[in-house]
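Student: One letter stands for each residue in the lines below.
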Amino acid sequence: MSRLRTWVSLVALELWLPLLLVVIWWFASENSTSVYFPPLRVILQSFAENWLVPERALANLGPSLQVIGLGYGVALLGGIAIGTLLGLVRPFERAVRPIVEALRAIPGVALLPLFIVLFGIDQPMRILLVAYGAAWPVLLNTLDGVRAVEPTLLDMARIFRVGRARRLFQIILRSAGPQIFAGARISLAITLIIMVVSETVGASGGVGYFLMTAKSEFRISSMWSAIVALGILGYLLNILFRIAERYVLRWHRLQQARLEKAS
Amino acid sequence: MTAPAVEETTASIAARSVTPKPARLRWILIQVAAVVLAGVVWSLASLAFPSSTLPPPTAVFARLGELALTPGFWSAVGITIATFAIALVICIVVGVPVGLAIGASTVATQSTRLLFDFLRTIPPIAILPLLLLVLGAEMEMVLVLAVGGAIWPILIQSIYAARQGEALLVEMAKSYRIPKAWFIRHIFVPGAIPFVMTGLRLGTTICLLLTISGELLGSAPGVGYEIANAQAFYDNTRMYAYVIVSAVLGLIVNGGFWALQRRLLRWHPSVRGEARS
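Chains as they are written, first to last, in the working numbering: chain A, 65 to 327; chain B, 977 to 1253.
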């Protein structure tokens, strides 16, 4: 009973400020005549029309989700693969370090024109740009994580003649996991930015396209609805990420809990 | 590969200064060779495309040299650097104190957690059209965009920083009657800096990305605009030259950050073990 009460008060404590701000926004904007800041009521109406009706939501969100899913997926796989390679083959990593540093210093968005020239203006270009730009944080963190694997673990694996594949997947990548996830979280934020930016060019659907056309056609409440939709999309993706992280890294959490108990 | 890992990892940050001279020179030569090899690959690749699509590196760097003699080039670079720097300073000046203040109070931390969690995950680029309408294609617009995106990691890490005050240390300071000022200077600040630095590193990366994005998409003056403009005129050589400029800006920012981090956190054992961006 008292546990329930503390839970309720905790939730109330976390919710009161966001709710209060929404209420303030609602009433402060209710009689707004400003072109750029329409009443929240109108924004929510537009949100319901554009993002809650199935076929419109599909047209507006479908291409974006494709870019996020494929682009982020390729970024993760590529980043982990190349990062592991560089982390394990030290002389190679050292030889190409200047190239890696130079390439990762380019802001992903600056490559949009280049990718248009090389890959056209369709969906593959967007997926590749997201994959390229979002791969760096994963790659660099995998590199660091792989390098920091406990040497005793590796020695032990060698003594017990653990096979190469098992050593890679069950020891090296596993213990680099927390750091890989730290990089993947940054990559997710970058994925969203590059996705929106890439959809402003030559797209015929997607959140970025919707956002920019609404702006240029001066449909301000539609534009606001896209901002709200992007906020919700970002939040949901982060929750998904957290669930995946909890699942994959549950060994890490258990270990930490055990350590805490022991100390 | 396994045996030297211990020394290598602990020394990886200081590797450059520790490695003996001859070995260091050899590595530099190998690295130069790798860069040259990459340039050769680029040249060969440019043969496969029409020269307007993928110009060879020599053409791009020659063009970069020409551009560097024009005042327009330096004003674009200057505006981008100024926008980035001002945005970052605003983020630090606002984000760190506000974060520390919120973190100092449990009620404030819990009340703002969900709100900041939500605001942080909104892709900052989403508000670009709104900023364009309200502020126009100006430097101020880019500035607001960069601050709006880069302040969150700094703010949130500062909240963590204020909350890390280990109970044990606080208790000990109390029982030894350590003066407050001394406690802040020698215990609280050193404990908080690593957290703030993590946020700062993320914030710096996002800040530069958004500065260039804002210029590129919003046609506000700066390097980003020059890239978009070159592309609009199908002048790919000029476009690549400006992409290289943006890479150099990124390199300077990363390098500056590492130098700062090494100075501030020399003593900290976990300098290496944090998320890189």
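Because the hints were derived from the structure by calculation, they are not lab data. Even for Gly, the Cβ is constructed at its ideal location relative to N, Cα and C. Among these hints, one or two may not hold up.
[To be verified] Between beta-carbon pairs, the in silico distance windows are: (1) A/P118 <-> B/L1145: 28 to 36 angstroms; (2) A/G227 <-> B/I1228: 42 to 50 angstroms; (3) B/A1021 <-> A/D186: 18 to 26 angstroms; (4) B/G1232 <-> A/D186: 35 to 43 angstroms; (5) A/R322 <-> B/T1082: 35 to 43 angstroms; (6) B/L1145 <-> A/S66: 39 to 47 angstroms.
[Stated by the list, open to error] Rough simulated footprint, nothing fancy, chain B against chain A, three-plus residues with beta-carbon under 8 angstroms: (7) 86-96; (8) 117-129; (9) 178-186; (10) 231-240; (11) 274-283; (12) 286-292.
[What the hints assert, rightly or not] Not everything, but these chain A residues come out facing chain B in the computed CB check (under 10 angstroms): (13) W80; (14) L81; (15) G133; (16) L141; (17) P155; (18) G172; (19) T264; (20) G266; (21) G269; (22) V271; (23) G295; (24) V312; (25) L313; (26) L318; (27) A321.
Student: If a hint holds in the structure, say so; if it doesn't, say that too.
Tutor: Evaluation of the provided hints:
1. Checked against the hint of 28 to 36 angstroms, the C-beta distance between A/P118 and B/L1145 comes to roughly 56 angstroms, which is inconsistent with it.
2. A/G227 and B/I1228 have their C-beta atoms about 45 angstroms apart, which keeps the hinted 42 to 50 angstroms range intact.
3. Range check, B/A1021 to A/D186: Cβ separation about 22 angstroms, and the 18 to 26 angstroms hint holds.
4. A beta carbon spacing of about 38 angstroms between B/G1232 and A/D186 agrees with the range 35 to 43 angstroms that was offered as a hint.
5. Separated by about 27 angstroms at the C-beta atoms, A/R322 and B/T1082 break the suggested range of 35 to 43 angstroms.
6. Remark: the range hint 39 to 47 angstroms for B/L1145 to A/S66 is contradicted by a beta-carbon distance near 31 angstroms.
7. For the segment 86-96 of chain A, the stated coverage by chain B is violated: 0 residues have a C-beta nearer than 8 angstroms to a C-beta of that chain, whereas at least 3 were required.
8. Residues of the segment 117-129 of chain A lying with their CB closer than 8 angstroms to a CB of chain B number 0, which falls below the three-residue condition for coverage.
9. For the segment 178-186 of chain A, the proposed coverage by chain B is satisfied: 4 residues have a C-beta within less than 8 angstroms of a C-beta in that chain, meeting the threshold of three.
10. Judged by the Cβ-Cβ criterion of 8 angstroms, the segment 231-240 of chain A is not covered by chain B as claimed, because only 0 of its residues qualify and three are needed.
11. With a threshold of 8 angstroms between beta carbons, the proposed coverage of the segment 274-283 of chain A by chain B holds, since 4 of its residues qualify and at least three are required.
12. Against chain B, the segment 286-292 of chain A contributes 4 residues with a C-beta closer than 8 angstroms to a partner C-beta. That satisfies the three-residue criterion, and the hint holds.
13. For A/W80, the suggested interface contact is upheld, since its CB lies about 6 angstroms from the closest CB of chain B, less than 10 angstroms.
14. Taking 10 angstroms as the C-beta contact cut-off toward chain B, the hint placing A/L81 at the interface holds, the least distance being around 5 angstroms.
15. For the restraint placing A/G133 at the interface with chain B, the shortest Cβ-Cβ distance is roughly 16 angstroms, beyond the 10 angstroms limit, so the hint is violated.
16. Violation of the interface hint for A/L141 is found here, the shortest Cβ-Cβ separation to chain B being roughly 19 angstroms, above the 10 angstroms cut-off.
17. Hint on A/P155 holds. Least Cβ distance to chain B is approximately 8 angstroms, under the 10 angstroms limit.
18. Checking A/G172 against chain B: minimum C-beta separation of about 7 angstroms stays under 10 angstroms; hint holds.
19. The beta carbon of A/T264 is positioned within 10 angstroms of a beta carbon in chain B (closest approach about 6 angstroms), and the interface hint is therefore held.
20. For A/G266, the shortest C-beta to C-beta distance to chain B is roughly 12 angstroms, which exceeds 10 angstroms, and the interface hint is violated.
21. About 17 angstroms separates the beta-carbon of A/G269 from the nearest beta-carbon of chain B, more than 10 angstroms, and the hint is not met.
22. Among the interface hints, the one on A/V271 holds; its C-beta lies about 8 angstroms from the nearest C-beta in chain B, closer than the 10 angstroms criterion.
23. Nearest Cβ of chain B to the Cβ of A/G295: about 4 angstroms, under the 10 angstroms cut. The hint holds.
24. With 10 angstroms as the threshold, the beta carbon of A/V312 stays out of range of chain B, its nearest partner Cβ sitting at about 16 angstroms, so the hint is violated.
25. Look at A/L313: its Cβ only gets to about 14 angstroms from chain B, farther than 10 angstroms, so that hint breaks.
26. Among the interface hints, the one on A/L318 is violated; its C-beta lies about 20 angstroms from the nearest C-beta in chain B, farther than the 10 angstroms criterion.
27. Against a cut-off of 10 angstroms between C-beta atoms, the interface hint on A/A321 is violated, since the closest Cβ of chain B lies about 19 angstroms away.
Hints 1, 5, 6, 7, 8, 10, 15, 16, 20, 21, 24, 25, 26 and 27 from the list above are not met by this structure, while the remaining hints are.
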